[in-house]
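In order, the protein sequences belong to chains A and B.
The letter at position 226 of the first sequence is residue 611 when you use my numbering, and the numbering goes up by one with no holes.
The letter at position 122 of the second sequence is residue 507 when you use my numbering, and the numbering goes up by one with no holes.
Hints are supplied without guarantee of correctness; some may be wrong.
It does not matter which identical chain is used: a pair holds within one copy or between any two.
[Said to hold, decoys possible] Below, simulated DSSO-like cross-link-like pairs (lysine-lysine); rule was C-alpha separation at most 30 Å, straight line: (1) Lys586 - Lys444; (2) Lys483 - Lys529; (3) Lys559 - Lys768; (4) Lys391 - Lys572; (5) Lys723 - Lys536; (6) Lys723 - Lys422; (7) Lys529 - Lys768; (8) Lys436 - Lys559; (9) Lys572 - Lys795; (10) Lys506 - Lys529; (11) Lys506 - Lys723; (12) Lys768 - Lys804; (13) Lys483 - Lys804; (14) Lys506 - Lys559; (15) Lys724 - Lys422; (16) Lys436 - Lys723; (17) Lys536 - Lys436; (18) Lys391 - Lys536; (19) Lys723 - Lys435; (20) Lys797 - Lys572; (21) Lys536 - Lys422.
Hints were generated in silico from the structure; no laboratory data involved.
There are 2 protein chains.
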Amino acid sequence: MERIIKVGLLGLGTVGSGVLRILEINSEEVTRRAGAKAEIKKILVRDLEKKRSVPVDAKLLTTDPWEVIRDPEIEVIIELIGGTVAARSYVEESLRAKKYVITANKDMMALAGGELLSLAKEAGRNIYYEASVGGGIPLIRPLKHSLGANKIISLMGIINGTTNYILTRMSLEKMDFQTALQEAQEKGFAEQDPSSDLDGKDAAYKLCILAGLAFNSPIRYNDIHVEGIRGIGQRDIFYAEELGFILKLLAIGDELEGGLALRVHPTLIPSTHPLAGVLDENNALYLVGNAVGEVMFYGPGAGSMPTGSSVVADLIDVIRNINHQVENGIMEMDFREKKIVPVEMLSSAFYLRLQAHDQPGVFAGLANAFADEAVSLDRIIQKRSEAGRAEIVLVTHVVEERSFNRALEKIKEFPAIEKINSLFRVIES
Amino acid sequence: MERIIKVGLLGLGTVGSGVLRILEINSEEVTRRAGAKAEIKKILVRDLEKKRSVPVDAKLLTTDPWEVIRDPEIEVIIELIGGTVAARSYVEESLRAKKYVITANKDMMALAGGELLSLAKEAGRNIYYEASVGGGIPLIRPLKHSLGANKIISLMGIINGTTNYILTRMSLEKMDFQTALQEAQEKGFAEQDPSSDLDGKDAAYKLCILAGLAFNSPIRYNDIHVEGIRGIGQRDIFYAEELGFILKLLAIGDELEGGLALRVHPTLIPSTHPLAGVLDENNALYLVGNAVGEVMFYGPGAGSMPTGSSVVADLIDVIRNINHQVENGIMEMDFREKKIVPVEMLSSAFYLRLQAHDQPGVFAGLANAFADEAVSLDRIIQKRSEAGRAEIVLVTHVVEERSFNRALEKIKEFPAIEKINSLFRVIES
Numbered sequence: 386m387e388r389i390i391k392v393g394l395l396g397l398g399t400v401g402s403g404v405l406r407i408l409e410i411n412s413e414e415v416t417r418r419a420g421a422k423a424e425i426k427k428i429l430v431r432d433l434e435k436k437r438s439v440p441v442d443a444k445l446l447t448t449d450p451w452e453v454i455r456d457p458e459i460e461v462i463i464e465l466i467g468g469t470v471a472a473r474s475y476v477e478e479s480l481r482a483k484k485y486v487i488t489a490n491k492d493m494m495a496l497a498g499g500e501l502l503s504l505a506k507e508a509g510r511n512i513y514y515e516a517s518v519g520g521g522i523p524l525i526r527p528l529k530h531s532l533g534a535n536k537i538i539s540l541m542g543i544i545n546g547t548t549n550y551i552l553t554r555m556s557l558e559k560m561d562f563q564t565a566l567q568e569a570q571e572k573g574f575a576e577q578d579p580s581s582d583l584d585g586k587d588a589a590y591k592l593c594i595l596a597g598l599a600f601n602s603p604i605r606y607n608d609i610h611v612e613g614i615r616g617i618g619q620r621d622i623f624y625a626e627e628l629g630f631i632l633k634l635l636a637i638g639d640e641l642e643g644g645l646a647l648r649v650h651p652t653l654i655p656s657t658h659p660l661a662g663v664l665d666e667n668n669a670l671y672l673v674g675n676a677v678g679e680v681m682f683y684g685p686g687a688g689s690m691p692t693g694s695s696v697v698a699d700l701i702d703v704i705r706n707i708n709h710q711v712e713n714g715i716m717e718m719d720f721r722e723k724k725i726v727p728v729e730m731l732s733s734a735f736y737l738r739l740q741a742h743d744q745p746g747v748f749a750g751l752a753n754a755f756a757d758e759a760v761s762l763d764r765i766i767q768k769r770s771e772a773g774r775a776e777i778v779l780v781t782h783v784v785e786e787r788s789f790n791r792a793l794e795k796i797k798e799f800p801a802i803e804k805i806n807s808l809f810r811v812i813e814s
Numbered sequence: 386m387e388r389i390i391k392v393g394l395l396g397l398g399t400v401g402s403g404v405l406r407i408l409e410i411n412s413e414e415v416t417r418r419a420g421a422k423a424e425i426k427k428i429l430v431r432d433l434e435k436k437r438s439v440p441v442d443a444k445l446l447t448t449d450p451w452e453v454i455r456d457p458e459i460e461v462i463i464e465l466i467g468g469t470v471a472a473r474s475y476v477e478e479s480l481r482a483k484k485y486v487i488t489a490n491k492d493m494m495a496l497a498g499g500e501l502l503s504l505a506k507e508a509g510r511n512i513y514y515e516a517s518v519g520g521g522i523p524l525i526r527p528l529k530h531s532l533g534a535n536k537i538i539s540l541m542g543i544i545n546g547t548t549n550y551i552l553t554r555m556s557l558e559k560m561d562f563q564t565a566l567q568e569a570q571e572k573g574f575a576e577q578d579p580s581s582d583l584d585g586k587d588a589a590y591k592l593c594i595l596a597g598l599a600f601n602s603p604i605r606y607n608d609i610h611v612e613g614i615r616g617i618g619q620r621d622i623f624y625a626e627e628l629g630f631i632l633k634l635l636a637i638g639d640e641l642e643g644g645l646a647l648r649v650h651p652t653l654i655p656s657t658h659p660l661a662g663v664l665d666e667n668n669a670l671y672l673v674g675n676a677v678g679e680v681m682f683y684g685p686g687a688g689s690m691p692t693g694s695s696v697v698a699d700l701i702d703v704i705r706n707i708n709h710q711v712e713n714g715i716m717e718m719d720f721r722e723k724k725i726v727p728v729e730m731l732s733s734a735f736y737l738r739l740q741a742h743d744q745p746g747v748f749a750g751l752a753n754a755f756a757d758e759a760v761s762l763d764r765i766i767q768k769r770s771e772a773g774r775a776e777i778v779l780v781t782h783v784v785e786e787r788s789f790n791r792a793l794e795k796i797k798e799f800p801a802i803e804k805i806n807s808l809f810r811v812i813e814s
């Protein structure tokens, strides 16, 4: 007789609805691959009366989390309520009650993943969180398993769909930032309060999780240097493309001799780079391993069905493990603390757009300021001398951030320099 | 005390050397992730005296396969000799001797994977074959696990590095086919006898494995319609790009209402398609799942270290399983036979390049022949009227292959048509 595994669902929003729908339309595949049937026994919701986008038996719904978590028949808890406080206490209680946990909660895993996984280990259970980063794209499992033979040297990810959508629209449709943001909001790719996305926080939380797995080290949010995409001008996109680059908000991690370098910032990458073709709300993670070389994983970084796909993949794994009465260990327990290299100590090429009075000697002043700090210039565009004002775009060769910043401080004080419009790091290859 | 798992290696060529090197340079990572140390105890080689590219203790080498396979201490056999006859008998014997098997052998897995996996099941063991397709790119594990919540609707892969290298050189460097092939051979991206790659056979073997997992159905080589890249002209690449397409050798699988459609052939894809940017010897697999939508996996499709990376990833999994005394089942055992739809029954857009006498009425004749079979034309280029000869390039809308073929038969009989130069299928989006 076929075994049935009872599952409790916390939250029935976008992702929860996707999970229910997948369990319905792909029921046969899921059951076959899992080797047992998953039955959603109880669902925590905020509002019992709310109209749902998927058909759901009203008898399953409850507003009491403990009714789900403390149900002795339920072996797996899927946490999809988001946030860090309530979600964390539910997950802790679920683990103490010896339940497996599946979650799509990046904030919680970024902030408390280590503690929660320790608790899981004590309980002889595990936490699965494929859906917490990259929506439907398999990222966690490849990092933990498929690339396990590698030292990861470098990772670069487009892991925030909102900002990638905005930058793509600015590039392809020549929109300005505000118009692109508004369109993203209208299409549901940006929240009404888009701060966490625009300011790079969402990407930084995800980078905590990915870099932790890639470099086998616990990463804290504050280990990451974070810059967002506000203030990027249509002109920057235009100049970047003229120079052969595409502007992307990247989450980057490198293991250097001195430690880990972790940052989220707008970055110019060559238009031939595999990440350059990642458009709209899509996400991708590009990795360099010391054995495999360069690999990339691409796909939808959010959405009901894609994220649901990752949750149900985790559920299949959990059920196989329950069914075979195994839990073959928590890899994250072997993390070792590594040093963090502050961003000032890193080296990078830079793109700089500034506005100057169009008068003799301005350029010589700039060039000297850079030369004094041994910053050499790779490419220069000067255009649009309008009303006595010149717009100058520079790309430097690779320099230490500190040297570049010192040159920049000097330049800011030149009377002929009116404004530093924008400043981005550049990855040349 | 740390447990040591003894491993036998069959073959010490390109991939075997990569495996040894990875176990050396990433020894700490591999041991930590596996939870036990892997020790290569014996290595089958053809020639004991041959100079090796990696340092290896001569005492480990043997020319007797049975000395490796029948060693009772060895728990894992890594088969890297290739071919189907000896390799298969070694794998069978290893499974009967209750050893786990890891292999990079696509031919063997394509031709005998089903039987071998059955044997593994009887033995309570398993066969791991991540390295058999896509070199270092994780493909097997994502298909089996990460995308397990999906019905895969469609897959398209660039899974032969040799042909992708040749087509990339023809496109970027404007080389002709012969020059590009020669360069590929000089750089080690093509064999001295490149037939299996050029004729699409290598890609078809790999498609057997991928489509089997994607569609949960046993696939035989003969289920696949196979065309290679010989005879592709530099001009075809040029015209394709003028029309906004890139020419790639694709392995394609679709699950249609009537069954599975499986083919390997040169294909024009839009230059904005994620596969279009996969250059040189790189490989990629693009998948559409009914839950996740579109995902792509990209990376090096061959090579000593990349393929070694996949072998060692499998080894880590095997060791974890041995260490936790579990084997949580063979997913491939649930394959169900599905119908195959012959290529004639499929629909596609077509690209056709032909040479005609430059005389009145030729074009009308062509247009009528297509119209008679309800083939409608999407784009037309006519150029290079030289010495009374016109070169005509047509792209049709999507039509049934049968209709297109009937129109083509008529066209071939027109006295004004000198030659059909080339014919490719086109994927519009």
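Now for the hints, and whether the structure bears them out:
no. : hint            : in the structure
1   : Lys586 - Lys444 : neither (38 Å within a copy, 55 Å between copies)
2   : Lys483 - Lys529 : both (23 Å within a copy, 27 Å between copies)
3   : Lys559 - Lys768 : within (19 Å within a copy, 34 Å between copies)
4   : Lys391 - Lys572 : neither (36 Å within a copy, 56 Å between copies)
5   : Lys723 - Lys536 : within (14 Å within a copy, 41 Å between copies)
6   : Lys723 - Lys422 : between (42 Å within a copy, 23 Å between copies)
7   : Lys529 - Lys768 : neither (49 Å within a copy, 54 Å between copies)
8   : Lys436 - Lys559 : neither (39 Å within a copy, 59 Å between copies)
9   : Lys572 - Lys795 : neither (44 Å within a copy, 49 Å between copies)
10  : Lys506 - Lys529 : both (17 Å within a copy, 26 Å between copies)
11  : Lys506 - Lys723 : within (22 Å within a copy, 42 Å between copies)
12  : Lys768 - Lys804 : within (15 Å within a copy, 53 Å between copies)
13  : Lys483 - Lys804 : neither (59 Å within a copy, 72 Å between copies)
14  : Lys506 - Lys559 : neither (51 Å within a copy, 58 Å between copies)
15  : Lys724 - Lys422 : between (45 Å within a copy, 27 Å between copies)
16  : Lys436 - Lys723 : neither (48 Å within a copy, 39 Å between copies)
17  : Lys536 - Lys436 : between (48 Å within a copy, 28 Å between copies)
18  : Lys391 - Lys536 : between (38 Å within a copy, 23 Å between copies)
19  : Lys723 - Lys435 : neither (47 Å within a copy, 42 Å between copies)
20  : Lys797 - Lys572 : neither (40 Å within a copy, 50 Å between copies)
21  : Lys536 - Lys422 : between (38 Å within a copy, 17 Å between copies)
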